[in-house]
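Peer 1: Generate coordinates for the entire structure from the input sequences, incorporating the hints supplied.
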Amino acid sequence: MGLKVRSIVYTLLTYTAYTAYSYRLTQHVIVEREKLHEYGIDKRFDTLEILGRFENPFKEYRPQTIYEFFVMRLIELTEIGKKRGNVPDDMDDRKKSLGWMKASVDKIKELGETCNDKVGYTWLGQSCGILQSGNKMFLMDPLFEDWIVNKWVGPRRIVPSPLNIDEMMELSPDYVVVSHDHPDHLGDETTRKFSQLDLKWIVPFGVKDFLLDHNVKEESIIEMKWWEKQQLDSEFEIVCLPAMHWSGRKLYDANQSLWSSFMILKKGRSIFYHGGDTGYVDGLFKKIGDKYGPITLAALPIGQYCPEWHQKPRHISPLESIKMMKEMKVENMVGVHWGTFTLSSEDYLEPADKLTEINAEGATVPQPGFTNIYNISK
Numbered sequence: 012m013g014l015k016v017r018s019i020v021y022t023l024l025t026y027t028a029y030t031a032y033s034y035r036l037t038q039h040v041i042v043e044r045e046k047l048h049e050y051g052i053d054k055r056f057d058t059l060e061i062l063g064r065f066e067n068p069f070k071e072y073r074p075q076t077i078y079e080f081f082v083m084r085l086i087e088l089t090e091i092g093k094k095r096g097n098v099p100d101d102m103d104d105r106k107k108s109l110g111w112m113k114a115s116v117d118k119i120k121e122l123g124e125t126c127n128d129k130v131g132y133t134w135l136g137q138s139c140g141i142l143q144s145g146n147k148m149f150l151m152d153p154l155f156e157d158w159i160v161n162k163w164v165g166p167r168r169i170v171p172s173p174l175n176i177d178e179m180m181e182l183s184p185d186y187v188v189v190s191h192d193h194p195d196h197l198g199d200e201t202t203r204k205f206s207q208l209d210l211k212w213i214v215p216f217g218v219k220d221f222l223l224d225h226n227v228k229e230e231s232i233i234e235m236k237w238w239e240k241q242q243l244d245s246e247f248e249i250v251c252l253p254a255m256h257w258s259g260r261k262l263y264d265a266n267q268s269l270w271s272s273f274m275i276l277k278k279g280r281s282i283f284y285h286g287g288d289t290g291y292v293d294g295l296f297k298k299i300g301d302k303y304g305p306i307t308l309a310a311l312p313i314g315q316y317c318p319e320w321h322q323k324p325r326h327i328s329p330l331e332s333i334k335m336m337k338e339m340k341v342e343n344m345v346g347v348h349w350g351t352f353t354l355s356s357e358d359y360l361e362p363a364d365k366l367t368e369i370n371a372e373g374a375t376v377p378q379p380g381f382t383n384i385y386n387i388s389k
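Numbering (my numbering), first residue to last: 12 to 389.
Simulated from the structure, these hints should not be mistaken for lab results.
Wrong hints could be hidden among the right ones.
Result set (DSS-like, lysine-lysine): computed pairs, CA atoms no more than 25 angstroms apart in a straight line [unchecked claim]:
{"id": "1", "residue 1": "261", "residue 2": "219"}
{"id": "2", "residue 1": "323", "residue 2": "93"}
{"id": "3", "residue 1": "70", "residue 2": "94"}
{"id": "4", "residue 1": "278", "residue 2": "240"}
{"id": "5", "residue 1": "261", "residue 2": "204"}
{"id": "6", "residue 1": "118", "residue 2": "106"}
{"id": "7", "residue 1": "147", "residue 2": "106"}
{"id": "8", "residue 1": "277", "residue 2": "302"}
{"id": "9", "residue 1": "113", "residue 2": "129"}
{"id": "10", "residue 1": "162", "residue 2": "94"}
{"id": "11", "residue 1": "277", "residue 2": "323"}
{"id": "12", "residue 1": "46", "residue 2": "106"}
{"id": "13", "residue 1": "297", "residue 2": "277"}
{"id": "14", "residue 1": "147", "residue 2": "120"}
{"id": "15", "residue 1": "298", "residue 2": "261"}
{"id": "16", "residue 1": "261", "residue 2": "277"}
{"id": "17", "residue 1": "340", "residue 2": "129"}
{"id": "18", "residue 1": "323", "residue 2": "129"}
{"id": "19", "residue 1": "277", "residue 2": "70"}
{"id": "20", "residue 1": "302", "residue 2": "261"}
{"id": "21", "residue 1": "54", "residue 2": "297"}
{"id": "22", "residue 1": "340", "residue 2": "70"}
{"id": "23", "residue 1": "46", "residue 2": "113"}
{"id": "24", "residue 1": "118", "residue 2": "147"}
{"id": "25", "residue 1": "129", "residue 2": "118"}
{"id": "26", "residue 1": "278", "residue 2": "297"}
{"id": "27", "residue 1": "118", "residue 2": "277"}
{"id": "28", "residue 1": "297", "residue 2": "340"}
{"id": "29", "residue 1": "236", "residue 2": "147"}
{"id": "30", "residue 1": "236", "residue 2": "340"}
{"id": "31", "residue 1": "54", "residue 2": "337"}
Peer 2: And the structure:
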């Protein structure tokens with residue numbers, strides 16, 4: 012056996028042993044937390060670190076190993092030549108099917124002056140969106156690149172962002188909220204450009220290192236762990252909340268930073284829940300709803316759920332998003348994280364079609380670039 016082959020074998024054996032040991036430790040913590048819960052001490056959904064990395068403290072979670080990652084890449088190779096997601100070739104057809112419209116910088120600016128007792132939300136694709144209330148603007152999971160990685164690796168946006176990055180910089184949001192560091196939720200060039208603006212970045216613990224590497228000033232960064240609350244000004248607060256997902260931008264940095272969802276409160280009322288990326292966790296969303304409901308508006312992911320055996324621990328389907336909505340006492344929900352990139356095997360319009368078919372009260376399929384306005388819950 013050659014030296015290179017031995018090195019590869021030893022590396023894989025070490026990785027496998029580490030992964031198995033980490034998984035065993037995680038399962039032990041989950042069992043111990045369940046026992047504490049039986050005695051009225053609920054730590055089931057607290058942040059968990061094992062061997063220097065963050066882990067999902069949820070019995071529903073199954074880690075995606077490097078082996079599963081490469082199996083999925085091999086499966087994708089068998090699909091070369093096929094039209095993945097059934098995305099039309101013609102850009103006009105794509106825009107029409109998604110209800111895409113160019114967002115207006117002027118109208119978004121005007122809304123900030125008139126929606127003091129309301130919430131405005133503009134979906135810009137994937138989990139990126141603009142939240143407005145009063146004179147404050149929050150930008151969620153900023154991504155304005157046409158490619159997730161680059162034009163050689165892809166994947167490319169199905170349609171352009173309704174606002175380009177320069178237009179978004181002109182709007183100059185007060186806060187940027189990031190659910191996790193995956194490249195379809197946080198763009199490299201987006202981050203570098205936004206580092207020039209005077210704003211606050213609100214991110215899960217560990218994402219600060221990425222921001223610093225992209226020229227964001229340390230004093231502009233607020234790092235949070237699950238269940239922590241941060242007062243932003245006299246009116247607004249934000250709470251970092253659990254999600255079942257993972258983090259990392261490369262093969263070797265998995266789970267070095269935390270992943271999360273966020274709740275934004277205005278004068279003590281829950282006006283917006285940013286779901287980011289998550290799988291469904293029994294009991295978690297009911298706990299969030301009991302603590303923070305009713306919630307005026309939630310942006311919940313509804314796409315990237317096929318094949319289910321691979322995606323279910325990390326993403327939710329439209330049906331699961333409705334279940335989350337009800338458990339969290341959400342009054343209005345927009346389904347996001349679909350129709351932007353082809354990252355899974357369902358048709359690109361299937362998540363929207365399924366959400367429409369369910370026809371749940373308060374749940375809507377947003378149009379890219381269109382601003383929806385909601386009255387704040389009393």
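Peer 1: Run through the hints listed earlier and report the numbers of any the structure violates, in increasing order.
Peer 2: Hints 3, 7, 11, 12, 15, 16, 18, 19, 20, 23 not satisfied by this model.
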